[in-house]
Amino acid sequence: MELASLIANVQGFTVIAVGIILGLGAIGTAIGFGLLGGKFLEGAARQPELVPMLQVKMFIIAGLLDAVTMIGVGLALMLTFANPFLSAVQSVAG
Amino acid sequence: MSTEGGATGYIVHHLTPLSVGEGFWTLHLDTLFFSAFLGGLFILFFKTVAERATSGVPGLAQNIAETLVEFVDTQVKDSFHGRSPLIAPLSLTIFCWVFMWNAMDMLPVDLLPMIGSLMGMEYMRVVPSTDLNGTFALSISVFFLIFFYSIKVKGLMGFAKEMTCTPFGPKMMPFNLLLKTVEELAKPISLGLRLFGNLYAGELVFILIALLPPIVQPLLGFPWAVFHILVITLQAFIFMVLTIVYLSLAHEDH
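If you read the protein sequences in the order shown, they are chains A and B.
With the numbering used here as the guide, the letters of the first sequence map in order to residues 3 to 96.
With the numbering used here as the guide, the letters of the second sequence map in order to residues 41 to 294.
Please note that the accuracy of each hint is not assured.
Stated by the list, open to error - Residues of chain A clear of chain B, computed beta-carbon distances all greater than 12 Å:
| hint | residue |
| --- | --- |
| 1 | Met3 |
| 2 | Ala10 |
| 3 | Gly27 |
| 4 | Ile33 |
| 5 | Leu37 |
| 6 | Gly45 |
| 7 | Pro50 |
| 8 | Gly74 |
| 9 | Phe83 |
| 10 | Ala84 |
Claimed, not checked - With a straight-line cut-off of 30 Å between C-alpha atoms, the simulated BS3-like cross-links for lysine-lysine are:
| hint | chain 1 | residue 1 | chain 2 | residue 2 |
| --- | --- | --- | --- | --- |
| 11 | B | Lys87 | B | Lys194 |
| 12 | A | Lys41 | A | Lys59 |
| 13 | B | Lys211 | B | Lys194 |
| 14 | B | Lys201 | B | Lys117 |
| 15 | A | Lys59 | B | Lys227 |
| 16 | A | Lys41 | B | Lys192 |
| 17 | A | Lys59 | B | Lys117 |
| 18 | B | Lys227 | B | Lys192 |
| 19 | B | Lys211 | A | Lys41 |
| 20 | B | Lys201 | B | Lys220 |
| 21 | B | Lys117 | B | Lys211 |
| 22 | B | Lys87 | A | Lys41 |
| 23 | B | Lys194 | B | Lys220 |
| 24 | A | Lys59 | B | Lys211 |
| 25 | B | Lys192 | B | Lys220 |
| 26 | B | Lys227 | B | Lys211 |
| 27 | B | Lys201 | B | Lys227 |
| 28 | B | Lys117 | B | Lys87 |
Hints are computed from structural coordinates only; laboratory data are not their basis.
C-beta atoms are modelled at their ideal positions from N, C-alpha and C, and glycine is treated no differently.
Let the hints inform the model, and build the full structure from the sequences given.
Below is the structure:
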């Protein structure tokens, strides 16, 4: 039972960590994309002939915005399915 | 890896690579095979098109190749401010190769692993960009290229001066060095992790969709697959553009 409560402890904290990572990443990306899209639409309204060029640059910046969020998502998914902290507990106890 | 059954076992099974060796010298055979195979396809395609290129009405293959080359050429012309015969072919290779890696994610999740298990391979991950080894192989190679071209264009003294005297003057050398080192290291790390994170998340969502009852699968699977087409192309494009921009910065010679 001792081992079960240890594992439950680690898993509980991992779940909270995953939630925080995903949530904060989502907030950052959402705000960033909102600002980016807004500026793009403003620029497109002012100078419609620049839209193709602006669109390409928008996608480039979108990729940069996504980067750390996706790193966080990858890390969070790794924590969910291949948790190193859990395997540390299991290797010591089991 | 414990023998959990059910959903978690399925997911973990699909996330385990086919590897030999242990510790630092673990080789992910599936990543190696698929990246080499797709690279061979890329070379074969462009070689065939180049040999059969006609100045008359082009066929479909030639059209595709010309569109790709023109697209990459425009990007390089826009973003690269140096002189180098390497950049455009490098960009084309990176774009097409990364795009093909990512496109392997559009195959059904169980298809190739099932064929593999019939041939005796217990695990198989078919998308090389979901393997950190694959994406970091590309980004570390780009990092070496940045380093090489920085020294080649600026000279060893010029490179050292740039690393120690910018952005603040020569009086704050250790601080400048720290800042520039972090900035230079952030380039390959972010390149590799960005591609990895996007594709790993995409693949994992496909695996999770595969666990749903078959009636519901198309409802979620189809929109995600369509969105994923955008993500695939976008990530390959961003990897290429950032490579061009970093190499352009390395070629800067004030």
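12 Å cut-off, C-beta based - phenylalanine 83 of chain A kept clear of every residue in chain B: The claim breaks: phenylalanine 83 of chain A does not keep its Cβ more than 12 Å from every Cβ of chain B (closest is about 6 Å).
Minimum Cβ distance from alanine 84 of chain A to chain B greater than 12 Å, as the annotation requires: Given that some Cβ of chain B is not farther than 12 Å from that of alanine 84 of chain A, nearest at about 7 Å, it is violated.
Agreement of lysine 117 of chain B and lysine 211 of chain B with the hint, judged by alpha carbon distance not exceeding 30 Å: Violated, at about 38 Å.
Taking the shortest Cβ-to-Cβ distance between alanine 10 of chain A and chain B, state whether it exceeds 12 Å. holds, 16 Å
Can you confirm whether the C-alpha distance between lysine 201 of chain B and lysine 220 of chain B stays at or below 30 Å? holds, 11 Å
Has the given pair, lysine 41 of chain A with lysine 192 of chain B, been kept, meaning a C-alpha gap of at most 30 Å? violated, 39 Å
Sort out whether lysine 192 of chain B lies within 30 Å of lysine 227 of chain B, counting only the CA atoms. holds, 19 Å
Given the proposed pairing of lysine 59 of chain A with lysine 227 of chain B, does the C-alpha separation stay at or below 30 Å? holds, 19 Å
Pairwise hint evaluation, lysine 41 of chain A against lysine 87 of chain B, where the allowed Cα distance is 30 Å at most: Distance ~43 Å between lysine 87 of chain B and lysine 41 of chain A Cα, so the pair is violated.
Taken at face value, is the distance from the CA of lysine 194 of chain B to the CA of lysine 211 of chain B at most 30 Å? holds, 21 Å
Should the label of glycine 74 of chain A as a non-interface residue stand, given a Cβ cut-off of 12 Å to chain B? Label violated. Min Cβ-Cβ 8 Å, cutoff 12 Å.
Just checking, glycine 27 of chain A versus chain B, shortest CB gap more than 12 Å? violated, 10 Å
Hints 3, 8, 9, 10, 11, 16, 19, 21, 22, 24, counting from the list given before, are not met by this structure.
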